[in-house]
Every structure is written in structure tokens, then in C-alpha cells.
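Colleague: Sequence:
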Amino acid sequence: MSRNKEDLVDIIMLMVTGYPHLQDIVDHPTPKEIATGMIQLDTISFCQEFRDAFGGYDYDHYYGSGDFAPSRAMNHVATFAERLAQRDNWLNAAAVYRTILEEFAEHGRWLLLSA
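Just so you know, we're using my numbering here: the sequence shown kicks off at 120 and counts up by one.
It is possible that some hints are incorrect.
What follows is a list of derived Cβ distance ranges for each label pair [claimed, not checked]:
(1) A213 with D129: 32 to 40 Å
(2) L210 with P139: 25 to 33 Å
(3) T162 with M120: 17 to 25 Å
(4) L141 with D161: 14 to 22 Å
(5) F223 with K124: 34 to 42 Å
Cross-link-like lysine to any residue pairs, in silico, SDA-like; alpha carbons within 25 Å at most [as the list claims (entries may be wrong)]:
(6) K151 with G174
(7) K151 with Q167
(8) K151 with S164
(9) K124 with I144
(10) K124 with Y138
(11) K151 with R202
(12) K124 with L141
(13) K151 with I163
(14) K124 with R206
(15) K124 with T149
(16) K151 with E225
(17) K151 with H226
(18) K151 with H140
Just so you know, the hints here were simulated from the structure itself, not pulled from any lab data. Quantities reported herein were computed from a predicted structural model and do not represent experimental measurements. Glycine included, C-beta positions come from ideal geometry on N, C-alpha and C.
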């Protein structure tokens, strides 16, 4: 089924309303914008996404339910990095992968200390 731009915007707005965590994806530039140099990569927004995911998650909750916010954030950011790599934008892809590692290392240490 082919959709026009207005229909796609409506669908995205409905998705964000139903799943507020998708707003992070909407707010980030696209991998194409980064790879073509239209917009410069800013990993700070990815760091904030991870901090929000770790900070807002109830660790007493059974995280095997598939709604583990840090894992969801990691999958989103890793997919972003993968798309950069597919466009041969290796330096920016590496910067995004490094951000994933640094954020999980920082919060993973905190989780071990609080256990």
C-alpha cells in the first residue's frame, strides 16, 4: 500500500501518541541526514535517551516481559549506528556504538553497586 506524506505524518503522530517512547526516534535526525552531512552527529541526545531509559525503569519489575526500557533504547540507537555503517559513515557509526558502550558501562556499574 502506498501512502502519501500527509498520511505518513498522521500515522507517526498516532504511533507517538500510543507509544510515547517513540518520540525519541522522531526527535533524532535520520541516519541519512547525518551521513550526507546535512546535520552534524550529536551523541548527547542518545546519552539522554539512555539515561531516561535507565532512570525511569523499575528494576524490581520483571524485565523479561519485553518492555525493558534500556534494552529498547539500545536497540534503537544500535539500529541508528547500523544504518550509518550501511552508508559507509564509519566514524559516526563508531561514535554511536561508543556511546552505547559508555552508557551501559556507566549505568551497569551503578546497577551492580545498588544490588
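Colleague: All hints are to be evaluated individually against the structure, with a verdict given for each.
Modeller: We went through each hint and held it up to the structure:
Between A213 and D129 the beta carbons are some 36 Å apart, a value that agrees with the proposed interval 32 to 40 Å. The supplied range of 25 to 33 Å is met by L210 and P139, whose beta-carbon atoms lie about 32 Å from each other. Checked against the hint of 17 to 25 Å, the C-beta distance between T162 and M120 comes to roughly 36 Å, which is inconsistent with it. The hinted range of 14 to 22 Å is satisfied by L141 and D161, whose Cβ atoms lie roughly 19 Å apart.
Between F223 and K124 the C-beta distance comes to about 36 Å, which sits within the given range of 34 to 42 Å. Proposed proximity of K151 and G174 is contradicted: the alpha carbons are some 30 Å apart, above 25 Å. For the given pair, K151 sits about 21 Å from Q167 by alpha-carbon distance, which is consistent with the 25 Å threshold. A distance of roughly 17 Å separates the Cα atoms of K151 and S164; the hinted pair therefore holds under the 25 Å criterion.
Simply put, K124 and I144 have alpha-carbon atoms about 18 Å apart, close enough for the 25 Å limit, and the pair holds. Restraint check: the Cα-Cα separation between K124 and Y138 comes to about 21 Å, which is no more than 25 Å; the hinted pair holds. In summary, the hint linking K151 to R202 is supported, as the alpha carbons are separated by about 8 Å, within the 25 Å threshold. Restraint check for K124 and L141: the C-alpha separation of about 19 Å stays at or below 25 Å, so the hint holds.
The hinted pair formed by K151 and I163 meets the criterion: a straight-line CA distance of about 18 Å does not exceed 25 Å. With a C-alpha separation of about 24 Å, the suggested pair K124 and R206 falls inside the 25 Å cut-off, and the hint holds. With a CA separation close to 16 Å, the supplied pair K124 and T149 stays within the 25 Å bound. With a C-alpha separation of about 29 Å, the suggested pairing of K151 with E225 is violated against the 25 Å cut-off.
Straight-line distance between C-alpha atoms of K151 and H226 comes to about 30 Å, which puts the hinted pair past the 25 Å bound. Only pairs whose Cα atoms come within 25 Å are accepted, and K151 paired with H140 is accepted, the gap being roughly 22 Å.
In summary, the numbered hints that this structure violates are 3, 6, 16, 17.
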